[in-house]
Each structure stands twice: as structure tokens, then as C-alpha cells.
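Residue numbers (the numbering used here), protein chains in the order written: chain A, 1 to 338; chain B, 1 to 258.
I should point out that these hints are in silico values taken from the structure, not numbers from a laboratory. Nothing here was measured: the structure is a model prediction, and the numbers come from that model. Please note: incorrect hints may appear among the correct ones.
[As the list claims (entries may be wrong)] Below, computed lysine to aspartate or glutamate pairings styled on DMTMM-like, alpha-carbon distance capped at 20 Å: (1) Lys91/B to Glu224/A; (2) Lys77/B to Asp175/A; (3) Lys88/A to Asp90/B; (4) Lys280/A to Glu140/B; (5) Lys143/A to Glu20/B; (6) Lys280/A to Asp112/B.
[What the hints assert, rightly or not] A few chain A residues that don't get close to chain B, going by computed Cβ distances all over 12 Å: (7) Glu39; (8) Val164; (9) Leu168; (10) Pro197; (11) Glu225; (12) His279.
Using N, Cα and C, we set each Cβ at its ideal position, and we do this for glycine too.
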Amino acid sequence: MASRKKHNSTLTYVAIGIILLVMFAANIFYGSVKIPFREVLTILFGNGSDRASWNYIVLETRLPQAVTALLSGAALAISGLMLQTLFKNPLAGPSILGVSDGANLGVALVMIYFTATSYLATIVAAFIGAAVVLAIIILFARKVNNNVMLLIIGIMVGYVASSVISILNYHATSDKVHQYVMWGMGDFSNVSTDKLPWFASFSIAGLILSLLLTKPLNALLLGEEYASNLGVNIRTVRLLILVCTGILTATVTAFCGPISFIGLAVPHIARLLLGSSNHKSLIPVTIFAGAVTALLCNFVTLLGNASSPLPLNAVTSIIGAPIIIYVIMNRQNIQYFN
Amino acid sequence: MAFISTEGLTIGYKLSKGAEKLVMQDMNLQLEGGGLTCLLGLNGTGKSTLLRTLCGILPPLRGKVLVEGRPIGTYTKAELARIIGIVLTDKTSAGGITIRELVSMGRYPFTDFFGRLGSKDEDIVTEAMKAVGIYHKAAEYVSRVSDGERQKAFIAKALAQECRTIILDEPTAFLDIKSRIEVMDLLLDLAHSQGKAILLSTHDLEAAVRSADNLWIQDSEQGAMICGAPSALAATGAFGRIFGKKAESMVMEALESR
């Protein structure tokens, strides 16, 4: 029985690895501008095409966009997984703790109130907004021992941030509101080649930290008191999980906008694929599944009209919502949170 | 030497602004190895608080908890994890792991940074599952076994932890009568055959009187803990005074059937 399970998870790794490669390739080879398959290959192998515009599209647009989608998906999915485990709640996700609302507020402030248009200002504002909310949550985490209470505090902080955003919007010019709404749709194409190293180092650092938390995350499945009895320092672990999800969420939100549903839905997909909530295999599968989902969503946005691709957040929600409904309806399946 | 003892222990919670909610005061308790001790008391008298204080989850308000002769505060978390194992009634979210994986959690204090199990750990986990009679369900999901089997799995987890003391908070509370008897017999057997100190809280007065080597009864009127063997306590008339006349006659019957 044990060996059969092992075989199954190996199969899952292989299958999801292949799907990841296929999705990545689809994002590189397909786009609004038709470039022949051979030409794309030539460009990728560094030989350059005769047409400079094709070189630019493949290397400066499609490649960074695909890498950004891959990393963002992994980052959001792993954040969702860690928060679901920490709060013992299948509906927890990076947006629920108010961290992405904090980033949103930061961006709304610079875009609408200070009417800044520089790209850098947006990123810095998102980081600061997310960091402030995270600091508030961590401050409360040191006082409040109960995770459900902490979750509620996170939701309340998120509400406050959203309300301030509505006030800003209410008093803003329609141009500014439009600009902010567009940012709010989410976009993986915002990260250009020169910004990619920054984006990649932050998100990869967060992903590595999450892998290092495998053992305590598993203990947390039993609840805090059991985990504590097994020798887990609950406060330290909770702080590490919050900082890790904070870094990952802030990074993605700052660079790509508030991307909904991936963080919430992908951990459920990973559990369904794997048939286990053991983090030893669940963390890698969630990272892969997050990357695949984001690449799929990005690919779907490309299917829209060439001049105006579909908004990313519409796609993630259309793909994500049915999954959540399936998870809720599928009661005879394994009840991961019981 | 007692496995766990207390000196003038006062338990309770710290409220805001330095205020305290006292639950029980000035207790001198001795938990011996090789025996099953049952903690009895009416609802709201602080049984869970006491158990959580004894295993180090809650700090004592005053007095001392001594673990194998040393104050509990002088142990690190990792050291304590190898000495006291707990079984609680808390809701977990372990439904998506197998019984074997759950019992393996007991090896947490012994495994490396990534929690990898060596062959010795695997053997200990297997032995623990066999000892509680859950081995045939090793590959089953935790969410798919009965309440009794789940409780046994958590007891196996505490065994895999290789602790000399096991503390259980109402381990039989949600079990049907068959599982209740099985779990009590199992705990009694573990205490006697492996020399462990086992302390559990329960509302099942009859089962406690029938099985336990020692009883700790919270006398909320006098604010004291009454300790002793069931027959010795019966002779003092403590049962009738604390739980009422009907309960006392029930106790007498249970004592006869021991």
C-alpha cells in the first residue's frame, strides 16, 4: 500500500512536470503576433531571427512574461497553502489576510491621490502597503494566541484598506479610476527583462523559505497544541509563515497587480491531484500546480483580441471558482480539514 | 520519584491589566509511573487547564511543576517533547494524511530538519500502531476511520513519541461504549506493561473507578484536590459528597466488579 502511494506521487510529479513544460512552451510559441515555430526555436537558441521585431517579442516580451507567470503562480499558490494550513481553514488565501488589500491601497494612493504615474512608484507603494498590513498582523499575532481571531483581524484590516480605496476612487477623476481599475485586473506582462531579476529573487527566496517550513507545517495539521507538544515553537513558526507569505504576496501584487483566486484554488487542486495533505509532497506539487495554472490563465488571456487581451483576473476567477465549488460539493471525497 | 509532581501549584489564566482568573489553588500532586491516574471533576472546574499546565502548554500562575524532579521551565521544548506526550480532543485538520503519517508525527522530536524517518523510526511507528491495534488501518486516511480508531491513532502517536508520561484530555468523551472500554483497557495495559505514567481526565466515573490505580478528584466546594486509590477514597465518603448519593452507589457497584 505504502509503495503504491509512492508510485502515485512520482507519477503526479512526472505528469505535472510535463504539463508545466507544455504550458511554458505554449506561452512562448503562441502570441498575438504570429511567429513561425522554427523562428521561435532559432531565437531561443540565441541565433537571432532576421526580423528584429520577432527577436524582441520572443526574448523581451514572451519569455519574461512566461517566467513571471510561472513564478507568480507558484508564489501565490504556496502562500495560499501555508495560510490554509496555519489557519486550518480551506478558504484562507493571500488576499484574505489583507496583505494584497494593503498592496492595493498603496497603489491606489500613489495612482489616485498623489497622481504618480511612474512604474517604480507603483511597485514601492505596493510593497509598503503590503508591509504595513503585514506588520499590523504580526503585531497582533504576538498578542493574540488564537489563529481564528487572527484570521478575522486580517479580514477586518483588509476591509479597512478596501474602504479607503473606495473613498479614494469616489473622489478621483475618471481617468485615474480607469488607470487604477486596469492595474487591478492583473497582468503578467508588467515585468520587463531588467526588472525580472528583482522579481525572481524575491519570489524564489520566498519559495525556498516555504520548502524549509515543511516539517512544522506538517505538525500544524494536528493543531497548535499538538504541534507545541511535539516541540514546535508556535510563535516563531507562525511569524515565519506570515513573513514568507507576506514577501510572496507583496512581490506578486507589486509587480503584477492583485491576482485573485490562484492562491485560494491551487492548493485544493494540488490536494486533489496528490490525494494527500502531507506537505512533503504537497508543497512541491502546489508550486508546480500554481505555475501551471498561472501559465494556463496567461495563455487564455492571449486568446483574446490581439490589441486587447482578456483581463487576467477575469480568467483566474472563471477557472478558480468552479474548482472551489467542486471542492465544497465533493463531500464523499477525503475531508482534508477534518 | 514521581514522574510529574507539583508544589503549591496554582493554575488559571492571566487576564489583561495584571488581573488573574484563578482556577485551582495550592495543589501538591504526585503522578507516579506504572499506573493509570484518572482526573475527575464537574464541568468548569479546570480539568483541561490543569492538564495543559502539567504538560507545559500553559504556565502555572504560582507554585512549581516538577518533571522528573526538575522544574518544567528548565526544559527546552524539544526536551519536553520526549518526556510528556499528549492526546487532546481538539479539532485537527489531519484528515488528508494516513494513520501511519499521523503516528509518524510522534517522531517529530527525533527526526532531522526535514522530518525524514530512519528505519528505526519506521519500526517504532509500526510497533506503536500494533500496540494500540490500529496497524491494519495504517494506510487509511485519518478522515475515513471511526472516532475510536482515530483516538487510538493519537495514542499511538504519543507512544511513538516514546514519552514516559502520557497526558490525555477526555480520551473517551466522543467514543461509543465499545471503543470506550477498549481505550481504557489499552491505557491501563500500557501503564502496567510499559511502566508509563498515564494521566487522563474523564467524566466516566464508573470506568474510572473500575480501571484507575489512582484518582484525582476536584472538590470544588473545598477548593482542593482529593487523591488516592478508588477503594480508599470510597471509604472516606468522598464520592457521595462531591457527586451525590446516586453516583456513590454506582461507585460501590463498580468497585465490587473490579
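Do the hints match the structure? See the list:
Distance restraint check for lysine 91/B and glutamate 224/A: the Cα-Cα separation of roughly 10 Å lies within the 20 Å cut-off, and the hinted pair is therefore satisfied. Restraint check: the Cα-Cα separation between lysine 77/B and aspartate 175/A comes to about 58 Å, which exceeds 20 Å; the hinted pair is violated. For the given pair, lysine 88/A sits about 12 Å from aspartate 90/B by alpha-carbon distance, which is consistent with the 20 Å threshold. Pair hint lysine 280/A plus glutamate 140/B holds up; C-alpha atoms about 18 Å apart against a cutoff of 20 Å.
Restraint check: the Cα-Cα separation between lysine 143/A and glutamate 20/B comes to about 17 Å, which is no more than 20 Å; the hinted pair holds. With a CA separation close to 13 Å, the supplied pair lysine 280/A and aspartate 112/B stays within the 20 Å bound. The beta carbon of glutamate 39/A sits about 45 Å from the closest Cβ of chain B, which is more than 12 Å, so the claim that it is off the interface holds. For valine 164/A, the shortest C-beta to C-beta distance to chain B comes to about 30 Å, beyond the 12 Å cut-off, and the non-interface label holds.
Remark: the non-interface label on leucine 168/A is consistent with the geometry, its nearest Cβ contact in chain B lying 36 Å away (cut-off 12 Å). Residue placement check: proline 197/A keeps its beta carbon more than 12 Å from all beta carbons of chain B (closest about 29 Å). Taking the minimum C-beta to C-beta distance to chain B, about 6 Å, the non-interface status of glutamate 225/A is violated against the 12 Å cut. With 12 Å as the threshold on Cβ separation, the claim that histidine 279/A sits away from chain B is violated: the shortest Cβ distance comes to roughly 9 Å.
In this structure, the hints that do not hold are numbers 2, 11 and 12, in rising order.
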